[in-house]
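*Asks:* Single-letter residue listing:
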Amino acid sequence: MDTQMVMYEEDHKKILVVIGRLVREANAKAVFVVDRNGQLIAEAGETRGLDTTSLASLVAGSIAATGGLAKIIGEQDFPVHFHQGVKDNLHITMVANKWILVVVFDERSSLGLVRLRVKKATGDMNKVFEDLKKKADSEAASGSSPFAEITDDDIDNLFND
Amino acid sequence: MSFINYSSREINCKIVYYGPGLCGKTTNLQWIYAKTNPDLKGKMISLATETERTLFFDFLPLALGQIRGFKTRFHLYTVPGQVFYDASRKLILKGVDGVVFVADSQIERMEANLESMDNLRINLKEQGYELDKVPFVIQFNKRDLPNAAPLDEMKRALNPHGVPDFEACAQSGTGVFETLKHVAKLVLSDLKRLGR
Numbered sequence: 001m002d003t004q005m006v007m008y009e010e011d012h013k014k015i016l017v018v019i020g021r022l023v024r025e026a027n028a029k030a031v032f033v034v035d036r037n038g039q040l041i042a043e044a045g046e047t048r049g050l051d052t053t054s055l056a057s058l059v060a061g062s063i064a065a066t067g068g069l070a071k072i073i074g075e076q077d078f079p080v081h082f083h084q085g086v087k088d089n090l091h092i093t094m095v096a097n098k099w100i101l102v103v104v105f106d107e108r109s110s111l112g113l114v115r116l117r118v119k120k121a122t123g124d125m126n127k128v129f130e131d132l133k134k135k136a137d138s139e140a141a142s143g144s145s146p147f148a149e150i151t152d153d154d155i156d157n158l159f160n161d
Numbered sequence: 001m002s003f004i005n006y007s008s009r010e011i012n013c014k015i016v017y018y019g020p021g022l023c024g025k026t027t028n029l030q031w032i033y034a035k036t037n038p039d040l041k042g043k044m045i046s047l048a049t050e051t052e053r054t055l056f057f058d059f060l061p062l063a064l065g066q067i068r069g070f071k072t073r074f075h076l077y078t079v080p081g082q083v084f085y086d087a088s089r090k091l092i093l094k095g096v097d098g099v100v101f102v103a104d105s106q107i108e109r110m111e112a113n114l115e116s117m118d119n120l121r122i123n124l125k126e127q128g129y130e131l132d133k134v135p136f137v138i139q140f141n142k143r144d145l146p147n148a149a150p151l152d153e154m155k156r157a158l159n160p161h162g163v164p165d166f167e168a169c170a171q172s173g174t175g176v177f178e179t180l181k182h183v184a185k186l187v188l189s190d191l192k193r194l195g196r
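Chains L and U, in that order, give the protein sequences. Just so it is clear: in the first sequence, position 107 is 107 by the working numbering, and no numbers are missing. Just so it is clear: in the second sequence, position 93 is 93 by the working numbering, and no numbers are missing.
Treat each hint with caution, since some may be false.
[To be verified] Derived list of chain U stretches under chain L, where covered just means 3 residues or more per stretch with a C-beta under 8 Å from a C-beta of chain L: (1) 3 to 10; (2) 16 to 29; (3) 180 to 192.
Just so you know, these hints were derived from the structure itself, not from any lab. For each residue, glycine too, the CB sits at the ideal point set by N, CA and C.
Using the sequences provided together with the hints, build the complete structure.
*Replies:* What follows is the structure in structure tokens.
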């Protein structure tokens with residue numbers, strides 16, 4: 001059971017580089033990285049005015065639901081999803097079976113181009129996440145966590161109205 | 001699974017409201033949504049049927065304030081309570097950091113409460129969690145109704161281990177924030193414990 005995920009600034013920057021490149025190379029409007037539990041990890045492109053928190057939660061819900069469907073018909077997962085709208089489209093891909101890469105694109109791009117660029121970006125992201133996992137494992141082994149330092153007072157202070 | 005982001009200095013935690021159909025899980029979230037400062041909340045999403053029954057989940061993101069320079073955000077989810085939505089309930093429990101069990105105090109719903117509590121335990125176990133080890137509180141909702149079962153009877157049936165419990169009437173907001181604050185505190189204390 002995973003209990004905690006920690007993302008450090010340097011890893012976050014690496015992800016931003018990958019998805020920033022994906023926005024440009026795929027002519028996408030925006031790209032998001034979401035974890036399977038619905039937490040938004042990173043975003044790039046035209047994200048202003050978008051409710052990114054809700055987007056993350058709904059994408060994770062959708063992946064979870066279709067993953068359930070996949071198992072019913074004997075598949076492990078459906079790793080790629082495409083939703084076509086009138087103007088905007090969504091391309092959703094699983095990365096390392098743990099993360100979800102969401103690309104929002106319109107008529108300035110095409111499904112073929114997005115697919116092609118996503119494939120490359122997925123490979124780059126896999127490397128980042130492998131590093132991240134190694135780091136998390138060594139942190140867990142050493143027992144250090146950023147939250148060991150907080151006190152009961154810190155927690156109580158949050159709830160002082 | 002909590003998520004600590006050093007880049008944006010944020011901690012995100014997931015709290016799930018569980019309980020039998022029509023016990024008031026969505027009403028809890030609606031009250032929290034209505035009474036929270038707009039700066040501290042995101043949009044509430046309800047994936048419901050045409051008759052306002054929860055189909056998949058409700059979702060409400062909430063910011064509580066800062067701990068040691070980290071913004072604490074809680075993502076509140078409800079599960080669909082109706083028995084036949086079990087597959088959806090399992091999905092929503094994934095990555096949970098804290099659970100609120102909302103019990104319906106009406107005496108005729110006692111069996112539904114017990115069934116839902118058993119279901120919670122089983123579904124958590126499938127995800128690798130033990131209910132007794134997860135930050136967990138119980139809310140006895142609808143205490144204002146004339147057909148509410150006696151409190152001690154409900155505690156005996158649903159809370160044999162004596163986890164924190166709260167009396168509530170979610171429609172008028174009684175007990176709603178007390179429940180939320182307590183489970184949030186338990187989640188944060190658990191983060192601290194895990195950090196040691």
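*Asks:* Compare the structure with each hint and give your call.
*Replies:* Outcome of the hint check:
1. Under a criterion of three residues with beta carbons nearer than 8 Å to beta carbons of chain L, the stated coverage of the segment 3 to 10 of chain U is upheld, 6 such residues being counted.
2. Interface restraint, the segment 16 to 29 of chain U with chain L: violated (0 residues with C-beta to C-beta distance below 8 Å; minimum three).
3. Beta-carbon proximity to chain L at under 8 Å applies to 7 residues in the segment 180 to 192 of chain U; the threshold of 3 is reached and the given coverage holds.
Of the hints listed earlier, the one the structure fails to meet is number 2.
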